[in-house]
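Asks: Now for the letters of each chain:
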Amino acid sequence: MPRSTLVLLQAVLLFAGSAEANKVFVSNERGNSVTVLDSQSWEVIATFPAGNRPRGITISPDGTELYVCASDDDTVRVFDPETYKELHTLPSGPDPELFALNPAGNPLYIANEDDNLVTVVDVKTRQVLAEVPVGVEPEGVAVSPDAKTLINTSETTNMAHFIDTSTYKIVHNVLVDQRPRYAEFTADGKKLYVSAEIGGTVSVIDVSKAEPTIEKKISFAVPGVLPEWLQPVGIKATKDGSRIFVALGPANRVAVIDGATDEVLDYLLVGQRVWQMAFTPGEEFLITTNGNSNDVSIIDVKSQKVIRSVQVGEQPWGVVVTPH
Amino acid sequence: MSNLSLALAVFWVAMLVGSPLRATEVKTAVLRIDRVVGPPISRLDAPPADLGFAGAMLGNEDNRTTGAFTGMDYTLKTQAVAPDKAAATLDALKAEGIGLVAVIAEGEILKALSDRAGPEVLLLNAGARDETLRDADCRANVLHVSPSRSMLSDSIVQFLMWKKWSRILLIHGSHPEDRLLADSYRRSAAKFGAKIVEEREFVDTGGARRADTGHVMVQKQIPVFTQAAEDYDVIIAADEAGVFAPYLPYHTWNPRPVAGSAGLRPVSWHAAHESWGATQFQGRFEKLTGRNMREEDYQAWLAMRVIGEAVTRSGKADPATVRAYALSADFELAAFKGQKLTFRPWNGQLRQPILLTDGRVTVSVSPQDGYLHQHSPLDTLGIDAPETACHAFGG
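These protein sequence lines map, in sequence, to chains G and L. Going by our numbering, the first residue of the first sequence is number 1, and it counts up by one from there. Going by our numbering, the first residue of the second sequence is number 1, and it counts up by one from there.
Chain G with its partners taken away, still in its complex shape:
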């Protein structure tokens, strides 16, 4: 940490506003690979095979293990983020699509789309700790900042399931709009955003009280884009909660939302069929995966402008950035 802080400090001093270089890992669903970008030059620095149909991708808090859902291999593959060598695999249950790591780095919570389950895996012992039955076609997974609550969204049941991480029991079910894809907590743990791809809305759920309640449903409108194509998928909230970014799928836009009012401020044009997103650690940049144009768009968070796009592999799906 001290070394990287120093590097960051120098970078800030020397290049006023430019960021530390991190590695950006992009899973390519049809390319069966992971593309590695440098977050300063935005050049592709490596591409490596990642199994069949890689989708969900995340990294350990210490940056030493990269996890990839190899959906058609029914496993999670673990890679060394330095050498890109596969270290081992984790038992994931069938068809893992998306997952979330406990903030402490262990365990890993995996949505098994085909089997209506969330599988909990210890990443150290590589053992399955629990299987939690949820609704039909589980997809989005999120862990509350205090790690006490696990959220899973089920695409055909149309619910956000609230699971107690100590008992692995469902404690609440909140019905949202059609085909919920992704869930994102604010860093203070008070709000939960859930996107409904076919419903075309993002539900803002107040999770600060005993019973979670939908406070508001955010809907979207872009001149010249048919409402049917405004399909919210990935969501990212800044740490201070002031901005929420929502990827709008085939609308090729990312919506910028004011975290205080939950009103849409702007729409940023990105590549085709924008799916998932990730911030660089200092939140200088937001990277979006664009599945149909086979590229990623880089958004400058402060100016809310798309600064460039970079070609990656075939059908980019997920993205994660090294923490330091």
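Note that these hints are calculated values from the structure, not bench results. Note that the structure is predicted; figures quoted are calculated from it, not measured. Heads up, the beta-carbon is just placed ideally off N, CA and C, and yes, glycines get one too. Heads up, some of the hints might be wrong.
[To be verified] Pairwise CB distance ranges, derived in the manner of DEER restraints: (1) G:ASP258 x L:GLU108: 55 to 63 Å; (2) L:GLU230 x G:ASN292: 37 to 45 Å; (3) G:ASP206 x L:PRO119: 40 to 48 Å.
With chain G held as given, fit chain L onto it using these hints.
Replies: For chain L alone, coordinates are given in the frame of chain G:
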């Protein structure tokens, strides 16, 4: 079937053990009316014994998984009977307290069933394509999850116009349903500005279509049949009876593509479709049934999911509430077609994109880009509100 039933029974018992004590029961059924017909031209099209039922079982299983969280206990009964047993079977279902019934039957039979059922039963049409059931002969107790003929013919003609293949040779069969389909194509051509340059009728003379030397006869007869037509871009085959259309591709006198009942076909579903999460959906169906999903299966799944959504959102399971919720502005259904499906409140028809397939892949999906509508592009497919003769829905 027995393996499937057993698997489902085990599943149900497992779910019941874990469910709250007194769940609200949601009783549904699929009633399929089978007429004895000859074998299809292609043996690949022979209907499986559980046609439609398998899709309903998947839909019911989806509903049951959700119901475990909402305190709703869904049950499904499936019955296949001959036309002369249709009425008695419906009566028996009613007597059992089943008021939510998906029907896979010909239009005339569905109409008779809807008149018999009364307002206390909600029928979901998962089979018949007849326009009149959505129009002058519409009934308040029928919702249509199956697309109509005009939705299918519009979806093909929109694509042909996008291709700029606007000169059509229409070849229709001699059966009543073939003539209705031909009417639908004439209407679609006029609606979107295509020109039917010539029409021919392929008369069903009851020939031995699957004789050993059938292909030899076809190779000689079809070129002659399609010879000396006005100059055209594409053939549209209207052959709902399944007598001749699959013989047209490659045998036409002029090298022209075929659409409609063969070649490029408009369907509610096909087993190769992968977009919009369909891959997982197909996988779940295949795991449950061991075969590919057919249109009737998709439509029966839709019927169950319409019921499931209406029950989940309204919290009630009686047919009147399900009907009212389905027709309300609040209803929407995700069904692996890239956008939400909703009902046309003036005639109870489910709006839905139509897949255009060559049998191997999804060639295109209608409505085509650029066909706009003040309410929804999906309403560019089929009879629209201003033209409707349906008055059973308060219109």
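Asks: Each hint should be assessed against the structure and marked as holding or not.
Replies: Evaluation of the provided hints:
Checking the proposed 55 to 63 Å range against ASP258 (chain G) and GLU108 (chain L) shows it holds: the Cβ atoms sit about 58 Å from each other. Distance hint for GLU230 (chain L) and ASN292 (chain G): a CB-CB separation of about 41 Å, consistent with the stated range 37 to 45 Å. Between ASP206 (chain G) and PRO119 (chain L) the beta carbons are some 42 Å apart, a value that agrees with the proposed interval 40 to 48 Å.
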